[in-house]
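Modelling step: build the complete structure from the supplied sequences, incorporating the hints.
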Amino acid sequence: MGRTKIEIKGLNFFYKDKQAIRGLNIEIPENEITAVFGPANSGITTLLRTLNRLSDLIYGTRVEGEILLDGKNIFGADVSVTELRQRVGMVFDVPTPLPMSIYDNIALGHRMAKRPKAQINEKVETALKMAALWDEVKDRLHTPAARLSGGQQQRLCIARVLALEPEVILLDRPCSALDPVSTSKIEESLSRIKDRYTIVIAPHTVQQAGRIAGRAAFMLMGELIEYGDTSDVLTNPKDQRTSDYVTGRFG
Amino acid sequence: MRLDSKTAEKFAKAIIWSAALLVIAVLLAVIIYILAKGVPEISWDFLSQIPRSMGRSGGISSTIIGTLLVTLVAVAVATPFGIGTAFYLTEYTREGKITRVIRFSAESLAGIPSIVYGLFGFIFFVIYLKLGWSILSGGLTLAIMILPTIIRTTEEAILAVPYMYREVGFSLGGTRWQTITRAVFPSALPGIANGIILSIGRCVAETAAVILTAGSALQMPESLFSPARTMAVHFYILAREGISMENAFGTAALLIILIFIINVVFNMLVNRFVAKGR
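Chains as they are written, first to last, in our numbering: chain B, 1 to 251; chain C, 1 to 278.
In case anyone wonders, no lab produced these hints; they're calculated from the structure.
No false leads were mixed into what you were given.
DSBU-like cross-link-like pairs, simulated, lysine-lysine; straight-line CA separation at most 35 Å:
1) B:K72 x B:K123
2) B:K185 x B:K129
3) B:K114 x B:K138
4) B:K194 x B:K117
5) B:K16 x C:K97
6) C:K97 x B:K18
Now the structure itself:
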C-alpha cells in the first residue's frame, strides 16, 4: 500500500438524531482504487459526500472526527470548501449532464474556478480522452449533452470532474443505471487513470469491486467491518458478516 | 333509475367536451367580435397620429407609447425584485418564519384589487413623492401589482429544476452564486419568462390603477415624468363617455394584437436562449 492520501479518524455522522456513520477509521492510499461496498443504508453515500463536504448542503447534519487530506483536516476553519471540491471531485449514481453543450459541461468547473481561458480547449480534450469519450463526441462538442446515451453521459460526468484536474475522485455507484457494455467502458477508463488519481468508488456490485479495486472496505450499518486488499476481503474475509455478504447470503 | 356505465361514460364525455368547447367558443367569440369591429378602424393615421377632440378623431399614437412605457417601467422594476425574492426564498434560505412571512405577504399582495393599488399609488407616488400623474407613478404602481405574480412563477420555475443540478454545481467547486447562475437559472428561465409575459399582459390591460396614477392625458409623453393615457384607459374612456365606439373598438383590437406580438416575440427570445442547451 502506497502513501496515505486520505486518513479518516473517528468519523461520526448524524442526520439530526440518526447516526449514519459510526466511529469510522480508515486510511485511503494514493493513486489506487479503493472500493467501499455494503448493502443500502450502510453510510457509504454519506461517507463519499462527507469527503468533499457536499454533505454541508443538507440542513441538520453533524460531523465528529477528522478527515485528513494530505494530513490536513478538511473541516478546518481555514479550508476553502470550493477549493476542496476542486481537489476532490464527485461522480453521482445518476448521469447528470447539465442542460448545455458537451463542451460547456466539461468547461464548467474550469470556468467557475476562473482558471485561464486559453487552456480550456486543451483541458476539455484531455479530459474527454481520459474518460474514453473523445472519439465519440469530438465532432459534436457543441451539441447538447442531453442527447448522449446514458453511458456516454456518465463518462461525460467523469470527464467533467477530470477537467478540473482533481487529486481525488469519488464515484457513488456510477454504473448502477448503466448497461454492462457502458459499465465495462467506465471501468476501463477508471483503470487507465488510477495511476494518477486517488479513486474512491462505491461499486454497485461486489463483482465490480473485485474487477477494479486494489483495496476494499466493507461497511454495514455505518460501521467499517473489514478493510484490506480486495483479493483478501473478497476471497478470504476475516469477519463472518463480510463473508456472508460477499457470498450473497444477504444484501 | 341508474345509468349503466357505458351510458354514463358517454354522458360524462359529452358534458366535458361541451364545457371545453364552450370555453373555446367564448374566447373566439370575444376575439373575433373585437377584431371584426376594430380592425377596419386601424390605419396608418390611426397608428401614427395623436388623438384629436378627446379621441373622437385622430389616432392613438400617444396611448400606444404610453402603454409601452408604463409597462416597461413596471416590468423593469418588478422583475429584478421578483426574481431576487424568489431566489432568496428558494436557494438562499431554509423554510422558516421569515420565508413564511415573505410568502404570506406576496400572496396577500396578489389578492388585493387593482383599484386599491391605484389608490395607494395615487397617495404615495403621485402626492407624497410628488411624482404627479406620470408614467413613473403608473409604472411603479403596476410594478407592485405584478410583483407577486413574478415571485410566484419564478419560485415555481426554480423548484422545478432538478436538485441534482445544484449538487453538480457545488461538487465542481462552484460557489452558491455560480451554481445558481450557471446551473439553475438557465433551466428556470422559460418558467420565469412565462411569469413576465403574464405580468406584461396584466400591465397592458390595467385601467383602474393606471387612471389614478398615470392620469389620462392625451398628448405625447415627453419623459417618464409626463402624464400618459394607456390604450386600455383610452378605450375605457371612449366607450364609457360615448365619445367614439369606432375608435374604442380600434384601440381594443390593437391592444389584442399588441399583446399577441409581445407574447410571440418574448417566446422567440427565450427559445433562442434556451435552445442552446436542448
